[in-house]
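Colleague: This is what each chain is made of:
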Amino acid sequence: MCLGIPMQIKEINGYNARCEAKGVEREVSLFMMQHESLEIGDYVLVHVGYAIQKIMPQDYHSTWELYDEVLEGEKSERV
Amino acid sequence: MPLNAKTWLKEINSLTLPDKVKIMNVCGGHERSITQAGLRSVLPKSVHLIPGPGCPVCVCPEEDIYEAIQLALKESVTLVAFGDMLRVPVNLPRHEIRSLEQARSASADIRPIASPTEAVLIAKNNKEKPVVFFAAGFETTILPVASMLAEGVPDNLFVLMSGRLTWPAVAMLLESGEPGFDALVAPGHVSTVMGPEEWTFVAEKHHIPTAVAGFSSTSLLAAFYSTLRQLIEKKYFLDNCYPEVVHKGGNPTGKQYLENVLKVVDANWRGVGIIPNSGFALKEKYASHDARVRFPSYADNSRQRIGEMPAGCDCAKVVLGKIYPNECKLFGKTCTPREPIGPCMVSDEGACRIWWANRQRH
Chain V
10 MCLGIPMQIK EINGYNARCE AKGVEREVSL FMMQHESLEI GDYVLVHVGY
60 AIQKIMPQDY HSTWELYDEV LEGEKSERV
Chain X
45 MPLNAKTWLK EINSLTLPDK VKIMNVCGGH ERSITQAGLR SVLPKSVHLI
95 PGPGCPVCVC PEEDIYEAIQ LALKESVTLV AFGDMLRVPV NLPRHEIRSL
145 EQARSASADI RPIASPTEAV LIAKNNKEKP VVFFAAGFET TILPVASMLA
195 EGVPDNLFVL MSGRLTWPAV AMLLESGEPG FDALVAPGHV STVMGPEEWT
245 FVAEKHHIPT AVAGFSSTSL LAAFYSTLRQ LIEKKYFLDN CYPEVVHKGG
295 NPTGKQYLEN VLKVVDANWR GVGIIPNSGF ALKEKYASHD ARVRFPSYAD
345 NSRQRIGEMP AGCDCAKVVL GKIYPNECKL FGKTCTPREP IGPCMVSDEG
395 ACRIWWANRQ RH
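As given, the protein sequences belong to chains V and X, one line each in that order. At the far end of the first sequence sits residue 88, using my numbering, and the numbering has no gaps. At the far end of the second sequence sits residue 406, using my numbering, and the numbering has no gaps.
These are calculated hints, taken from the structure and not from any lab test. Bear in mind that the values here come from a model prediction, so they are computed numbers and not experimental data. Ideal Cβ positions, reconstructed from N, Cα and C, are used throughout, including at glycine.
Taking beta-carbon pairs under 8 Å as the criterion, some of the chain X residues facing chain V (in silico):
1) A158
2) H233
3) V237
4) S260
The following label-pair restraints were derived from C-beta to C-beta distances:
5) V:I21 x X:G196: 11 to 21 Å
6) V:N22 x X:G127: 26 to 36 Å
7) X:E277 x V:E20: 49 to 59 Å
The shape of chain V in the complex, shown without the other chains (with noise of 0.2 Å):
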């Protein structure tokens, strides 16, 4: 439940954002961002819809390699 999703901001408009990650945009807070500046372009790490924390763009990539392993593990799960 405590893992975040690194994203880019797509459209900023007020507190919300529009954020994508490989492929996917979804609305994300920028509530909890307000002592941060941040523009389109921009990396954020994503918590349960809220953006938590900005983040480098190598650190975007490399937590993306992560999670694709992470969830090729997943498919074979036996659930």
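Chain V is fixed; fit chain X onto it per the hints.
Modeller: Positioned in the frame of chain V, the structure of chain X alone reads:
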């Protein structure tokens, strides 16, 4: 150039280790990464990785789940909760409704959500009907819930708060005199929002090596190396092996909202008992959105007393890192993800479920 996983492993193997070292993690995400990457099998045999209290679904007390079920069944409300909570069974006879999922099958209006913003949207679109948001989770999840309330929510949205703080559970274990671990990997995303400083007490007060880790094998192995080296050199400090995300002070905006909206209270942990200052409750100024104020309480005292695990289920010991998941005699036999008996087999972050799904054995 930062070291990669292979190099960290080589560094760990070059250490002269004691016969047995137990490193505990307190994050379901860590346990998942460790298990899926098979890190246990590549570390020296003397290093034991213990999953501890890292699953908020697993420790959510039975009386709160019961309360949510009863509210959904007896009051004319829409109940929303994070998906994981729906399947957690409470300890009731088989003919009674034992989970939110069963209550939903019995036509209660219960909807899984993935974000507090969905709760707001559901309330906005159904102004005539009260919406109860059953909010269980650790700090990473509860800061967004507090932020949601601070931003302003419709009058018909009520929060059934069941959030927990992670560090008091570790403090409780350390103060018990038998912590059951020699080193701690502190949670990555709890530290992201709250700041890593919360974990300093483990190293400084209790002389237990501590390192914050992320979720990659590289970050986890760096944290293992750091704690093992601290142990050998007897120099204890809080290391940050997830510096790209975890910054001093955490998320100041989220923490400010947490402070404004919620208070810290003594709280019951399923199978563990009351841990001082380990839970969240709404402050009085948010009473108009507090489900515990708005609705009658269905969780009577007798329910609080039976707030334990089902017969034969060792989830309580698993949560506290006292045994490995497959040491429970129900594990993989009568208790599986398809028909879970204890909460640790329900949640994606529950150690039993992670071990079962990855065929991990001790």
